[in-house]
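One letter stands for each residue in the lines below.
Protein chains: 6
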Amino acid sequence: MPVVITDIPRLDPEVVSEFSDLDVATAHEAQGRTGLLSSALRPIYRPAHIVGTAVTCEVAPGDNWMIHVAVEQCQPGDILVVAPTSPCEDGYFGDLLATSLQARGVRGLIIAAGVRDVATLTEMQFPVWSKAICAQGTVKETLGNVNVPLICGGALVNPGDLMIADDDGVVVVRRADAPEVLKKARARLANEAGKREKLASGVLGLDLYQIRERLAEKGLRYRPYSEQG
Amino acid sequence: MPVVITDIPRLDPEVVSEFSDLDVATAHEAQGRTGLLSSALRPIYRPAHIVGTAVTCEVAPGDNWMIHVAVEQCQPGDILVVAPTSPCEDGYFGDLLATSLQARGVRGLIIAAGVRDVATLTEMQFPVWSKAICAQGTVKETLGNVNVPLICGGALVNPGDLMIADDDGVVVVRRADAPEVLKKARARLANEAGKREKLASGVLGLDLYQIRERLAEKGLRYRPYSEQG
Amino acid sequence: MPVVITDIPRLDPEVVSEFSDLDVATAHEAQGRTGLLSSALRPIYRPAHIVGTAVTCEVAPGDNWMIHVAVEQCQPGDILVVAPTSPCEDGYFGDLLATSLQARGVRGLIIAAGVRDVATLTEMQFPVWSKAICAQGTVKETLGNVNVPLICGGALVNPGDLMIADDDGVVVVRRADAPEVLKKARARLANEAGKREKLASGVLGLDLYQIRERLAEKGLRYRPYSEQG
Amino acid sequence: MPVVITDIPRLDPEVVSEFSDLDVATAHEAQGRTGLLSSALRPIYRPAHIVGTAVTCEVAPGDNWMIHVAVEQCQPGDILVVAPTSPCEDGYFGDLLATSLQARGVRGLIIAAGVRDVATLTEMQFPVWSKAICAQGTVKETLGNVNVPLICGGALVNPGDLMIADDDGVVVVRRADAPEVLKKARARLANEAGKREKLASGVLGLDLYQIRERLAEKGLRYRPYSEQG
Amino acid sequence: MPVVITDIPRLDPEVVSEFSDLDVATAHEAQGRTGLLSSALRPIYRPAHIVGTAVTCEVAPGDNWMIHVAVEQCQPGDILVVAPTSPCEDGYFGDLLATSLQARGVRGLIIAAGVRDVATLTEMQFPVWSKAICAQGTVKETLGNVNVPLICGGALVNPGDLMIADDDGVVVVRRADAPEVLKKARARLANEAGKREKLASGVLGLDLYQIRERLAEKGLRYRPYSEQG
Amino acid sequence: MPVVITDIPRLDPEVVSEFSDLDVATAHEAQGRTGLLSSALRPIYRPAHIVGTAVTCEVAPGDNWMIHVAVEQCQPGDILVVAPTSPCEDGYFGDLLATSLQARGVRGLIIAAGVRDVATLTEMQFPVWSKAICAQGTVKETLGNVNVPLICGGALVNPGDLMIADDDGVVVVRRADAPEVLKKARARLANEAGKREKLASGVLGLDLYQIRERLAEKGLRYRPYSEQG
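Line by line, the protein sequences give chains A, B, C, D, E and F.
For the working numbering, count along the first sequence from 1 and bump the result up by 7.
For the working numbering, count along the second sequence from 1 and bump the result up by 7.
For the working numbering, count along the third sequence from 1 and bump the result up by 7.
For the working numbering, count along the fourth sequence from 1 and bump the result up by 7.
For the working numbering, count along the fifth sequence from 1 and bump the result up by 7.
For the working numbering, count along the sixth sequence from 1 and bump the result up by 7.
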């Protein structure tokens, strides 16, 4: 039943580009605190920040054959999202595959497994979020799937979904939700900008967010150190 | 019973400043190899090195409400020390809270949980030692405590204790022990300085520390490779 | 039975120097995908890349006495390989020991345990691959062994074996296998060089490696997104 | 946006009952090796084996409020499937909740978090698969969702899906796929039964599965120990 | 500075005996959800349930010398609480030490490290809560401390504190707090008993705890499956 | 280069049978505290205790093909020892393979990976020490090696080595060392027997092992609780 789904729908590149300065935490909050991938997926170098559309690739443990197949399905602006069918930290991906993806305009790799050649990937400035760095390569024996929905880092990723990855981690935004999430994220950032200035000037969050009263209602007491029993 | 203890006693800033060039390993040795926090607390960027007095904050899992409360209790020269009541790697702390702490002269954050906005925190040069980096934020529903003794990274931290954090980790020094620890640490460093020169010149530790005899007594033998069975 | 084996055989420095530009992943592949140490051993700074001959040192948990003994057995071009007899993440090694090793021309440390003083080690550019960074030091009470075969990071290392360590991890090459591994690694690199150019020009791996037919034989199907059920 | 979805569709109890002797491994193979939850979810006692329809419940870290809400949505033959929005090992569930579920005919609990009162749960023979056993309870402050699709143990579970759990772990079968999976699983078991007898009589798998030739084609060689170099 | 503190104060055995049917979860709740040791400390067999006064013992990594010293400080009704100064999973404790403790009337062992001889310990019915089971023994070279306050499993334990351990984990109760905790725990159990009956009869927790209104206030909505978008 | 080594040398069954009542901890001590496999390898049921000669099998991640090959190389009294070439927790082994091994007189399985069908394996009383229990099966695509030396659980195992496994873990004894280890283990057990009786009668280890003086020399002090500062 291994299958490669071709011609997946993608977001309009202009919509994607509007996300390009959004960070993961803001997008995650803006869509109701959903869609975050496991914090075990870390960037191989920092800082790094990419936004793009997901091409998904499901691989067998210790076998990167399908990544070679997935490359052909990638277009400029895509992000390759790879997950093994069972936990594996082998180095599925190195500088040759990165060269190939970079030649196709792919923006980065998100992989719930290991990668290698990280010194070269860093020099190439090809960003990768992975679960491990491991020199052990893989074989090419077992088929998998390309552009099927998969679970990567504990989150469901559909082909064509929008991926945002930065130093804090990775979040997936459903294709259909993108415009709404963008709007909410923009509102959130605008709101934060004003707060940052006030906080920098010394205004307390307790006052800025007006939470003193609610704290008191819940029963919070203040007591000087000198009055402890 | 949630409580905020105010007006905690602090070390004289001059005493704190005398610690400012001490590293964690030296302080740890100087106080009899005690007080180290778990090595799972790592700096979000390196190099980083801070010394200051602890303001402690106990939070519920997935809830950073009390950090906002704790900010008000912080003074210039303090370090905020946060621990959840059960293990949690959510991103409790980001650039807005850091802005607020920096405005109050706080030197950094030590947290046995996760943080986010690490790219901005790095730009701001606000140092953080944390257990995780995670974009998932928190809610504001549950009370906790500020300036009570707590266990952070497996070590007991009292409000007003001296915290030292560097690339090797974090150590806590009891307020009352600080002068004695300082004296021993200085002696240790002076002693090491001479050793470093000798070792750099090629003198062996075996001779410098005069341990050949004790090794022999314990039964260590030397045998050429060619004489193995 | 603790023993220090002296005068171990080493590879000719010229042979070692021929390996100096080989990366871990290539060497690992060239020797039939064997000899890799656990990916839990990470460099304390990046980039880092060393090649040298192993001096091995087996230590008790929480006790670095034998490292001081091992230093004397090291020669220029060596790499010190340390493993505890049971898992331990204490900081066995710091800047004083590094000073001593650097004075003897040792190229770096590989240790399946913890190290400390990493800020100074980074300044000194003394590369270390370790399982942890931990300020907690060790005692000097229990004997161990120097230059016996040991398991480090799950791989068998014999004294005199060739060690290669880079940003991807660490691999061990048996002394006797070194010439053969070198030959195969060179062939591999030559082969990759041509591929990199082609991939950069947009040639697909599917075509370059001629794997389309084998994928089809194994049953891989292609199906447009629009034709899904 | 927290929501409770009521009146979810369920499989016909007769279809469910036909699965009652199927083990997790067989069902997993029968549906193309998909749908397995993480092996980190372990039964609190063994042996244990349940089959039923999923009622899903998404909870905040350290907060079991929504489990109380989910109980009302459960019917005889259901299995409650709980996942926190971020990793948490608190004891979300104990003997009181189990009493309530047992009163409603619920067959067990699958939870990607912690549980407590395991001695009583074992006496009650209320089976639970959990990520941890932890006496730390939870609060009731934050809303979540009931009967929305969620990721539990790295697998997508929809309300109404069929869950199978045994000593090997937990697998989810899509509601619509159940009849087909049942058919394939039955065929698989029938096939295995004959094999078991032959293997017990001493027939080798190499002959039974007729794989000697394929092994040889791939290059496997046999060599007596005495002829090694 | 290694020290053995003798003649520690202990709770009246009658007070301890009143705790003998209390479980860990109840005691933990009764004292304001504090004092729980890490859930990584697991019983080596189940069921197991002990209550007693703590004799504390701090050991070096890989070195159980001080446990032999601690045995002499134990009295009938005590529980030995052991923590290493840095993480270590060696088997510090086996059937000989258990024989010695059992001869002195000690009720069990709580150790944030490893133990061995678990088959014999199970036969002897000497209960142990440990972080690991490991056949690797320890040496006797390095001093530690007996009956000093220590951190075990992330919780502070003072000599003479009350320890409760069962299948859910381990909790520490401060000596001075014991009477108050006992009272609250009893009230809690009485309260639960009535609830259990009602829940068993089919009354919903939503009604029993009267939380429907508060859920609605917080914004929880109910929606039939058939009305989803 | 995949190879199956046939006709490996084995210990005389009578020598093996003399080990049949030896536990892992005793054998480990008797051979100088070496040869222990990682404590991450746990028995799937307890109690369990086997002794036998190793047939080794190196497998690819997620691929159990070579286990089928290894079965043919097994003889009565053997123990199958399996290690993957990179970390993998898939269920490599289930009841069919166990049936086949049991038919050949094999005593058990030691595997640094996952197994499944543990309920049936327990009923069959076929003992297994594994790193995980996981229902996810494996494929049959990639060759490996049988009866080559391999690293299993961090220890080197040669074909024909003696394996001992019990509730505490697994230890390997080199074939040539077996007689000497046996002698030392017997002496150790005889010595322990006398000690057990004395300890049970209340004699303290401090006196039995005569260590009071050495403790004092090292600087251990005793101080009554009431005299603390």
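Since the hints were made in silico from the structure, they are not lab data.
Treat the hints loosely; a few may be bogus.
Heads up, the list lumps identical chains together, so a pair's fine if it works in one copy or across two of them.
The list that follows gives simulated cross-link-like pairs (lysine to any residue, SDA-like), each with its CA atoms no further than 25 Å apart [as the list claims (entries may be wrong)]: (1) 190 x 163; (2) 205 x 23; (3) 190 x 109; (4) 147 x 75; (5) 190 x 213; (6) 147 x 8.
Nothing here was measured: the structure is a model prediction, and the numbers come from that model.
Now the hints, each set against the structure:
no.	hint	in the structure
1	190 x 163	within (23 Å within a copy, 28 Å between copies)
2	205 x 23	neither (32 Å within a copy, 30 Å between copies)
3	190 x 109	neither (30 Å within a copy, 30 Å between copies)
4	147 x 75	both (10 Å within a copy, 21 Å between copies)
5	190 x 213	neither (27 Å within a copy, 37 Å between copies)
6	147 x 8	both (18 Å within a copy, 17 Å between copies)
Of the numbered hints listed earlier, those contradicted by the structure are 2, 3 and 5.
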